[in-house]
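J.: Position chain B relative to chain A; hints supplied.
First to last, the sequence lines map onto chains A and B.
Residue 1 is where the first sequence starts when you use this note's numbering, and the numbers rise one by one after that.
Residue 1 is where the second sequence starts when you use this note's numbering, and the numbers rise one by one after that.
Please keep in mind that the hints were generated in silico from the structure rather than gathered at the bench.
Be careful, since some hints might not be right.
Said to hold, decoys possible - Label pairs and their calculated CB-CB ranges:
no.: 1; chain 1: A; residue 1: 92; chain 2: B; residue 2: 79; range: 51 to 57 Å
no.: 2; chain 1: A; residue 1: 160; chain 2: B; residue 2: 188; range: 31 to 37 Å
no.: 3; chain 1: A; residue 1: 3; chain 2: B; residue 2: 219; range: 30 to 36 Å
Glycine included, C-beta positions come from ideal geometry on N, C-alpha and C.
There are 2 protein chains.
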Amino acid sequence: MSPATLYGLGVGPGDPELITLKTARILAGVDAVAYVSAGGRPSRARAIADAHIRPGVSEIELVLPMAVDPASAAPAYAAGADRIVAILDAGRDVAVLCEGDPLLYGSFARLLAHLDDRIGGRHRVQIVPGITSISAAIASSGHPLVGRLEPMTIVPAPLACADLDAHLGQGDAVVVMKLGRHLERVRAALARAGRLTGALYVEAASTEDERVLPLSELASAPAPYFSLVLVPPVRGAR
Amino acid sequence: MSPATLYGLGVGPGDPELITLKTARILAGVDAVAYVSAGGRPSRARAIADAHIRPGVSEIELVLPMAVDPASAAPAYAAGADRIVAILDAGRDVAVLCEGDPLLYGSFARLLAHLDDRIGGRHRVQIVPGITSISAAIASSGHPLVGRLEPMTIVPAPLACADLDAHLGQGDAVVVMKLGRHLERVRAALARAGRLTGALYVEAASTEDERVLPLSELASAPAPYFSLVLVPPVRGAR
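Pulled out of the complex, with its shape left as it was, chain A reads as follows:
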């Protein structure tokens, strides 16, 4: 069996122009692409990379169930990994399209765990980093979130309230990712920490649907999954 290559390709935050030259070049050469979709909606990663996917390549869609419990997605990841490894074992390269960066808070990390077990060193794995929604959101805000000596913590919104409070209580800059149905819980935690003023809400950064506004002015509703909050540091806290 000749070794093939599995690529984890970052396609960036949403603007198709924020794909790298490397991801575009690799996509022009692969035999198959794979991507995740969830909740019955088409894959955002597939849509971002559309112009670079050659006609006629095999497409593998991992359809994740619409469910809060992440364990419920395990069979979909396992079945997708089986299909991807079958193509690799036939000597053909496969590119997994990943929104943002492949290894930062995306589904690829989870898929990779399933793939590593099955590949067992028979094939090459190459990860191509991508622009994160964090970089895109800060760029859209127009100003740096932190100075050169200021730490910054990235916090996933689904964290427990006590953990959110602990991170917000420290005074460092915080980026709260993946707001979705956690918006009001995060907003309440920011209010408890006295940090709601100054917190910036960014939705769909880099796309035509982008919105940037103070979190305090955002209407109460579930936020899209691809939204985040930028919380500047409490200056003078140290």
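T.: Frame of chain A, contents of chain B only:
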């Protein structure tokens, strides 16, 4: 006076293929490029973007002094900002080349403060995000640093020892940036926190000079400025 555009263009961590299509397209159209160099060495951002800089465009090099005190660079930033704004005021677009991402721990944030004062709303400012050395380093490690519910803190190495200790004492994943002459201080802080085992040293991620090895195996010497340490979370800490 007709408004021009100042671009802050992320050129990524080092591999010229990790430039985005957007940065490449904008570079093909601007009249002038600007970049920072320091310590008598040529600009890394200029080198990364070289293939996309049209022959004959104006080049503005901000030569920063080799000095530990950041205040000593203020005159160089001010003089560079004056030159950039003169070009904008002549109706010509200028692109500032930024290693990694323009607004994350780079010199552009500092230059932008000088530019904002001088531009005063007369010209457009557009920031194009770039791939960070953090994403590149994690990609080179081959594995995610954090799971979907695990926070991650980015800590600049020049922080005071007590602040390093406070961040390392929390159990979350930590990325220590800009090691340089702080390598041994950071290594000692990791040892005090009991987190030296598992910490990964990454130098020049994505380039031909890339090195990835356990920090505990790295020879004692000043590390390059463009090196960092990935510290996995203490699992089970929460």
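J.: State the violated hints by number, sorted upward, taking the hints as numbered earlier in the document.
T.: Every hint satisfied by this model.
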